[in-house]
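Once you've looked at the hints, dock chain B against the given chain A.
Protein chains: 2
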Amino acid sequence: MYDVREWRHAFKLDPNKDISEKDLEKVCESGTDAVIIGGTDGVTLDNTLQLMSRVRRYAVPCCLEVSDPDAIAPAYDLYLIPAVLNSKNTTWITGAHHKAVKAYGEWMNWNEIVMEGYCILNPDCKAAQLAEAATGLDDDDVLAYASMAEHMFKFPVFYLEYSGTYGDPKLVEKVKTVLEDTVLFYGGGIRTAAQAAEMARAADVVVVGNVVYENIHEAVKTVRVVKQTGL
Amino acid sequence: MYDVREWRHAFKLDPNKDISEKDLEKVCESGTDAVIIGGTDGVTLDNTLQLMSRVRRYAVPCCLEVSDPDAIAPAYDLYLIPAVLNSKNTTWITGAHHKAVKAYGEWMNWNEIVMEGYCILNPDCKAAQLAEAATGLDDDDVLAYASMAEHMFKFPVFYLEYSGTYGDPKLVEKVKTVLEDTVLFYGGGIRTAAQAAEMARAADVVVVGNVVYENIHEAVKTVRVVKQTGL
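First to last, the sequence lines map onto chains A and B.
FYI, in my numbering the residues of the first sequence are 722 to 952.
FYI, in my numbering the residues of the second sequence are 722 to 952.
If we strip away everything but chain A, and leave its shape as in the complex, we get (with noise of 0.2 Å):
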């Protein structure tokens, strides 16, 4: 399952945030496609080292979204690399990005790299302060943001995050129609599995994160629900 195109469910876990062993074994052995490992604050080498070492204890793949270039290591299955489309500094979009090919091109493998298109949607998050993401967006804007993703960057992911909200299922619905070859992610404020269901009729994959911190349980029901659900 190295390939997200054969994704429906992804787990993200926050280097930051404790996480009990027997709450990581949940995780890690509920049927998910994949453990991705990232978040917005706090995120050092030490504690995403830490982290995936727990998580290959276990054969769920193992990914790391690369917030920071310092935490990059060469021990995950696939590294998720943003590039936030409606951000205002060019840091987000080239700028770390450059300075992280200058630094390890040599010794990247590019199959292991994936490229998501970003569109961060909740102005009130962590994420879009920290990308200084266009907020106030309409529709139109984020449909164009997912056809750029698709026909001029040939981005393999396009993510709309909501990053804390839960977002509006029609306009995950729209952003799909728009894409063919690259694979909307749908990331955001899923604290129930009916949550996850209405968006896994939307998008092709579905990411929990916080809800794992805060209900174990409703968060590994997400996974079955979110199989079951037809797109």
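Simulated from the structure, these hints should not be mistaken for laboratory data.
Treat the numbers as computed from the prediction; the structure is a model and nothing was measured.
Among the clues, some could well be false.
If several chains are the same, the list does not tell them apart, and a pair holds so long as it fits within one copy or across any two.
As the list claims (entries may be wrong) - Simulated crosslink set (SDA-like; lysine to any residue; CA at most 25 Å straight-line):
hint, residue 1, residue 2
1, K823, L858
2, K942, T856
3, K875, P790
4, K809, Q850
5, K747, V899
6, K897, E746
7, K948, L900
8, K738, N936
9, K820, Y934
10, K809, K820
11, K897, G857
12, K895, I834
13, K738, D798
14, K809, G857
15, K820, E750
16, K897, G816
17, K809, D762
18, K948, V893
19, K875, E901
20, K847, A780
Just chain B now, kept in the frame of chain A:
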């Protein structure tokens, strides 16, 4: 010759500059692979359309290099869309593109769109100033941008733009070694057939601009020497 991978030579004509009918005929009948219409300032819908309609009387492919979405018209064989990888302003990487896709996305034929990952190397040129290009790049910076163009953004073209100054053939050669699928365009300061031949040994496509307006005879000579030069 609508496939840039088959090109070796192109002329770039500035819609804001005058060219006589006789000289335009020499350009269009020179055997070049394409005429690209594009410039940095004074580009309007009117002057691009006027130049396009004159080029259209010849069989040579006629391409628009889009610098202002307002100058787009459905009349060209190809639309070359620069994304300035070393720009410090998102307008030149995602901003103008988003505006254009939002406005024209429904009518766009993506098969006619060719994305160009630009790297502007002459800090004194108008393009660098307008696009707020980061200057003072070392060779490794440029190589990293080239790798990003190919692997992260899957751009069909990486464009080394020295605009107005003749570039460093050794750097162009180095860049060529890191590119595989992405076609390397060289542009800037070619004033003689010998210079065109030198760059043709390093780059896939040599773009000849200003000398058309200064010495049409020498300009036309660049076509033959580029075509005869092995890469």
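Quick rundown of the hints versus the structure:
no.: 1; hint: K823 <-> L858; in the structure: between (33 Å within a copy, 12 Å between copies)
no.: 2; hint: K942 <-> T856; in the structure: neither (32 Å within a copy, 52 Å between copies)
no.: 3; hint: K875 <-> P790; in the structure: both (22 Å within a copy, 21 Å between copies)
no.: 4; hint: K809 <-> Q850; in the structure: both (11 Å within a copy, 19 Å between copies)
no.: 5; hint: K747 <-> V899; in the structure: neither (35 Å within a copy, 44 Å between copies)
no.: 6; hint: K897 <-> E746; in the structure: neither (32 Å within a copy, 48 Å between copies)
no.: 7; hint: K948 <-> L900; in the structure: within (21 Å within a copy, 40 Å between copies)
no.: 8; hint: K738 <-> N936; in the structure: within (14 Å within a copy, 67 Å between copies)
no.: 9; hint: K820 <-> Y934; in the structure: neither (33 Å within a copy, 39 Å between copies)
no.: 10; hint: K809 <-> K820; in the structure: both (18 Å within a copy, 14 Å between copies)
no.: 11; hint: K897 <-> G857; in the structure: within (20 Å within a copy, 42 Å between copies)
no.: 12; hint: K895 <-> I834; in the structure: between (27 Å within a copy, 23 Å between copies)
no.: 13; hint: K738 <-> D798; in the structure: within (22 Å within a copy, 53 Å between copies)
no.: 14; hint: K809 <-> G857; in the structure: both (13 Å within a copy, 23 Å between copies)
no.: 15; hint: K820 <-> E750; in the structure: neither (36 Å within a copy, 44 Å between copies)
no.: 16; hint: K897 <-> G816; in the structure: between (28 Å within a copy, 22 Å between copies)
no.: 17; hint: K809 <-> D762; in the structure: both (19 Å within a copy, 24 Å between copies)
no.: 18; hint: K948 <-> V893; in the structure: within (18 Å within a copy, 50 Å between copies)
no.: 19; hint: K875 <-> E901; in the structure: both (11 Å within a copy, 16 Å between copies)
no.: 20; hint: K847 <-> A780; in the structure: neither (31 Å within a copy, 55 Å between copies)
Hint compliance for this structure: hints 2, 5, 6, 9, 15, 20 are broken, all remaining hints hold.
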